[in-house]
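Student: For the sequence shown, the residue numbers in the working numbering are 58 to 1051.
You may find that some hints are simply not true.
Calculated pairs, EDC-like style, for lysine to aspartate or glutamate (alpha carbon to alpha carbon, straight line, at most 20 Å) [what the hints assert, rightly or not]:
hint: 1; residue 1: Lys937; residue 2: Asp802
hint: 2; residue 1: Lys979; residue 2: Asp1033
hint: 3; residue 1: Lys937; residue 2: Asp757
hint: 4; residue 1: Lys962; residue 2: Asp880
hint: 5; residue 1: Lys188; residue 2: Asp169
hint: 6; residue 1: Lys342; residue 2: Asp276
hint: 7; residue 1: Lys936; residue 2: Asp727
hint: 8; residue 1: Lys979; residue 2: Asp1045
hint: 9; residue 1: Lys86; residue 2: Glu150
hint: 10; residue 1: Lys747; residue 2: Asp757
hint: 11; residue 1: Lys747; residue 2: Glu692
hint: 12; residue 1: Lys113; residue 2: Asp169
hint: 13; residue 1: Lys86; residue 2: Asp447
hint: 14; residue 1: Lys704; residue 2: Glu692
hint: 15; residue 1: Lys936; residue 2: Asp965
hint: 16; residue 1: Lys682; residue 2: Asp727
hint: 17; residue 1: Lys188; residue 2: Asp551
hint: 18; residue 1: Lys429; residue 2: Asp418
hint: 19; residue 1: Lys490; residue 2: Asp418
hint: 20; residue 1: Lys966; residue 2: Glu1011
hint: 21; residue 1: Lys891; residue 2: Asp831
hint: 22; residue 1: Lys446; residue 2: Glu465
These are computed hints drawn from the structure, not numbers from a lab.
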Amino acid sequence: MVSHAQTHRLESGGLIDRSAPLNFRFDGKTFAGFQGDTLASALIANGVKLVGRSFKYHRPRGILTSGSEEPNALVELRTGARREPNTKATTAELYDGLEAASQNCWPSLRHDLMAMNQLFSPIFVAGFYYKTFMWPAKFWEAIYEPAIRRAAGLGRAPGVADPDHYDKAWAHCDVLIAGSGPAGLATALAAGRSGARVVLCEEDFALGGRLLADGGTIDGMPAAEWTSRTLAELATLPDVRIMNRTTLFGVYDGGTYGAIERVNDHLPSPPEHQVRQRLWRIVAKRCVVAAGAIERPIVFAGNDTPGVMMASAMRTYVARYAATPAKRIALFTNNEDGWRTVETALSAGLQIAAVVDARPDVSAAHRALAAKAGFPVLNGSVASVEGGKDGVRKISISLTGGARAEVEADGLAVSGGWNPAVGLTSYHRGRPKWQDDISAFVPDGAPPGMVAAGAANGAFGLGACLSQGFAAGAAAAHSAGHHGNAGTPPVADDEAFSLAPLWHVAGKGKAFVDYQHDVTASDIELAQREGFESVEHLKRYTTLGMATDQGKTSNVAGLAILAAVSGKSIPETGTTIYRPPYVPVAIGAFAGHHRDENFHATRLTPSHHWAAEQGAVFVDTGLWKRAQWYPRAGEKDWLESVTREVKAVRSGVGFCDVSTLGKIDVHGPDAGAFLDRVYINTFSNLAVGKARYGLMLREDGMVYDDGTTSRLAEDHYFLTSTTAKAGPVMQHLEFCRQVLFPQLDVQLTSVSDQWAQFSIAGPKTRDLLRDMIDPAEDLSNEGFPFMGAREVALRGGIKSRLFRISFSGEMAFEISVPARYGDALVRNLMLAGKQFGVTPYGTEALGVMRIEKGHVAGPELNGTTTAADLGLGKMMSTKKDFIGRVMAGREALAAADRQVVVGIKPTDKTRRLRSGAHVIPKGEIPGFANDQGYVTSVCFSPTLDQWIGLALVERGRERIGEIVHAHDPLRGEEYDVELCNPVFYDPDGGRQRG
58 MVSHAQTHRL ESGGLIDRSA PLNFRFDGKT FAGFQGDTLA SALIANGVKL
108 VGRSFKYHRP RGILTSGSEE PNALVELRTG ARREPNTKAT TAELYDGLEA
158 ASQNCWPSLR HDLMAMNQLF SPIFVAGFYY KTFMWPAKFW EAIYEPAIRR
208 AAGLGRAPGV ADPDHYDKAW AHCDVLIAGS GPAGLATALA AGRSGARVVL
258 CEEDFALGGR LLADGGTIDG MPAAEWTSRT LAELATLPDV RIMNRTTLFG
308 VYDGGTYGAI ERVNDHLPSP PEHQVRQRLW RIVAKRCVVA AGAIERPIVF
358 AGNDTPGVMM ASAMRTYVAR YAATPAKRIA LFTNNEDGWR TVETALSAGL
408 QIAAVVDARP DVSAAHRALA AKAGFPVLNG SVASVEGGKD GVRKISISLT
458 GGARAEVEAD GLAVSGGWNP AVGLTSYHRG RPKWQDDISA FVPDGAPPGM
508 VAAGAANGAF GLGACLSQGF AAGAAAAHSA GHHGNAGTPP VADDEAFSLA
558 PLWHVAGKGK AFVDYQHDVT ASDIELAQRE GFESVEHLKR YTTLGMATDQ
608 GKTSNVAGLA ILAAVSGKSI PETGTTIYRP PYVPVAIGAF AGHHRDENFH
658 ATRLTPSHHW AAEQGAVFVD TGLWKRAQWY PRAGEKDWLE SVTREVKAVR
708 SGVGFCDVST LGKIDVHGPD AGAFLDRVYI NTFSNLAVGK ARYGLMLRED
758 GMVYDDGTTS RLAEDHYFLT STTAKAGPVM QHLEFCRQVL FPQLDVQLTS
808 VSDQWAQFSI AGPKTRDLLR DMIDPAEDLS NEGFPFMGAR EVALRGGIKS
858 RLFRISFSGE MAFEISVPAR YGDALVRNLM LAGKQFGVTP YGTEALGVMR
908 IEKGHVAGPE LNGTTTAADL GLGKMMSTKK DFIGRVMAGR EALAAADRQV
958 VVGIKPTDKT RRLRSGAHVI PKGEIPGFAN DQGYVTSVCF SPTLDQWIGL
1008 ALVERGRERI GEIVHAHDPL RGEEYDVELC NPVFYDPDGG RQRG
């Protein structure tokens, strides 16, 4: 269905570009608008009043404001993967082809069946959830929680990956300005002229703030002309940067501020190679908050009816967008500023039904205006509003003195005064202070280097905004070290301002304080009666101010009602703690490019490109991409590939890239003594040319890491750590060297990236190496025994390091070459090994062979095991001290019933084992009381032709041969297993020493 008639658009006026018509869709219906519209203004211009439903009661809601404080007009913007829920229609810039849909309604916005919740409103009061869903207890998981989760939330997330990209950037400046209204522009002028580096952030796509709607005269010229000239001058200043579509949302330590720039949100999709949004970290010496003020509602029955709108918003739509929210308007105000909406409406040719002014005295000028335009001025307050989905129909008024009156109108403008936007100034636990003459909180105790100016500081007159902003800009530039000539400040008159505080009009019907969360005045009164008098408790009990608008239009009214029923003043009642972000920020913007494959840096092994050529499947191991297995044509799954690789190594020869191991050179006369203190076993007596397995403990006696260390010279050791702990071990050793043992003459160098290292394993390993290494090198058992280590020459003269180390249980060597030769080495291994049937194998086959051999790894070195738990207790030297020695002897760590490493195998050889299954005594009921351990590592052993594993089991070594039960609640599996020796393959070690 198409509707091109903009029935509520003025024939002329506004800041829209009528030469640029735009089509958009809302809830499947096509409408028209213009460049310069927001979605909200375009909907108003098309006569749309119903735009959403409230969260709890699903009451019909219309547009309330014209800015980011909007609580009602939340829509789903775009479709498909770019669908974005909870977008404020008041800030969504209109573009051609925009797709928007209402949310939190079913089956449609106009006919929402969930509106039946209103029938239960007498019981859906504050604290309803806490009081109701406590009984019966068994209903919680079965009924209550699923129902609450289905009802929770407003919009729908896309459910598929976001196709857009987000960016993060840094900026540094002397003066940061929030807001481009009169105070913000005056601040920029003064600071820029003084020579300061200035960044001005404005959340709107147009600059000027309230000047865009309210106009005025500045320096004897219309506000629009002054704004244009000011922006032109700022554009000539080289160190002034103006960022529109950018909201300053947070204040952090060290003068750091967070800002979100909506780079391409005003387009259907970002242009190619451009981001959608950019998150800025701005470091500023000084900050001036000129974010203006937010007009506050008055709480009365029916105040959420579509067509009830803030007075400033109504005149914004009329003056800036040439869109008329109503044809016959009534005004309810308690202050002078509300009358500006009357003046704007009359100048646009709209009819004023009446003005309801709560102040006892209305100025003669306003009464004369009413007499001339022919509308009544009623002293009193709005008691209730009659209307529905299609807007306001009738307004009931309680007149001063007790009489009542009714006024027919299709729109009601409400002005309860203005609240300075104190959010940014209160983010370091600053508490705003109460100012009686404006009945509002103003900034107090702002973060270091920050000041507020203009309406954000409680100065609502145009002249005061300009003078405060200019003075703040000049002072900020001066304190940042810039003393240029700021010139003369702009001048304007201040508008008259008077206010009679009015927060709540008692009446029959629901009077809403928080529009989005359906918090009513009676909810606040109930919370106070039930003892929730603290504002922080009130907030959480009623959810006041916890919606996407963070209470921008509701908090002060809520505090005032609480104060009234508590018998306190508003400043005595206090405010809640302000926390960023000031506006919702997409998680994607916080992540930036750090997502998917760019979530973190990627490290490639020296053989990566060769492995990719072979079709290897890669796995993320920390930052590394490691070959997991090498599939071949005809192999149906990963298990078949891994089984082939293991068999090839056991019967012939294979190699694996182990360059990811941490590698540290330890140099110095005290290198051996240093290692003695960080390992549980002794290294100072290790012979040159030999390697030794070592185990490190934490201070608390738990195992930290393991690896081999080789002695290459009297004062030179080469230490390896696990891949996962490469960085932490280096950090730990440096701490030990610099803090714990500074007297030792030892130096540490991380060489993890310097060496490419490959493990070559299998009975034909020597045959392969003899074709690679200088023939003068003796690789026999006598010439190069098990755990030998030395430098050797490759054919061609390249120096390398060779270590007789085995993780597979086979006769094996590890060979290291400078990393730049890693790719050449792997290709030469394939060439030289072709005659021996050499097979590359990945981390899965490596894991299978280490489990078959009973070697512990990450799943067993989990931070809760001791050396004794791992079967390595005898390695702990009794002749020296080392880190963790004392704490490892604690009673609980030496208890006889600790969980220790054992092997497991299913009693049914065809049964697959699963990591994580719990070990329960056979015949016992699974549960915490009978839990005796769990399975840490499993694999299918091609050598044994069955699944095997390692487990941590209470008194496991005493129970070898016992049948126990494996309980896997996650997968719903139950089966029996036998506890056995963890060394399944070659228990005497003959093959690795052969």
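Student: Would you mind marking each hint as holding or not holding in the structure?
Tutor: Outcome of the hint check:
1. Lys937 with Asp802: 19 Å, holds
2. Lys979 with Asp1033: 8 Å, holds
3. Lys937 with Asp757: Given that 20 Å is the threshold and the Cα spacing comes to 17 Å, the pair holds.
4. Lys962 with Asp880: Not satisfied, since the Cα-Cα distance of roughly 40 Å exceeds 20 Å.
5. Lys188 with Asp169: Violated - the C-alpha atoms of Asp169 and Lys188 are around 27 Å apart, more than 20 Å.
6. Lys342 with Asp276: Given that 20 Å is the threshold and the Cα spacing comes to 30 Å, the pair is violated.
7. Lys936 with Asp727: Status holds; Cα separation ~18 Å.
8. Lys979 with Asp1045: 31 Å, violated
9. Lys86 with Glu150: 18 Å, holds
10. Lys747 with Asp757: The given pair, whose Cα atoms are some 30 Å apart, is violated under the 20 Å limit.
11. Lys747 with Glu692: 41 Å, violated
12. Lys113 with Asp169: The hint holds at about 13 Å.
13. Lys86 with Asp447: 17 Å, holds
14. Lys704 with Glu692: Holds, at roughly 15 Å.
15. Lys936 with Asp965: 47 Å, violated
16. Lys682 with Asp727: Not satisfied, since the Cα-Cα distance of roughly 36 Å exceeds 20 Å.
17. Lys188 with Asp551: 52 Å, violated
18. Lys429 with Asp418: Roughly 19 Å separates the two Cα atoms, so the pair holds.
19. Lys490 with Asp418: 28 Å, violated
20. Lys966 with Glu1011: Not satisfied, since the Cα-Cα distance of roughly 24 Å exceeds 20 Å.
21. Lys891 with Asp831: Answer holds: Lys891 to Asp831 is near 19 Å, not above 20 Å.
22. Lys446 with Glu465: 16 Å, holds
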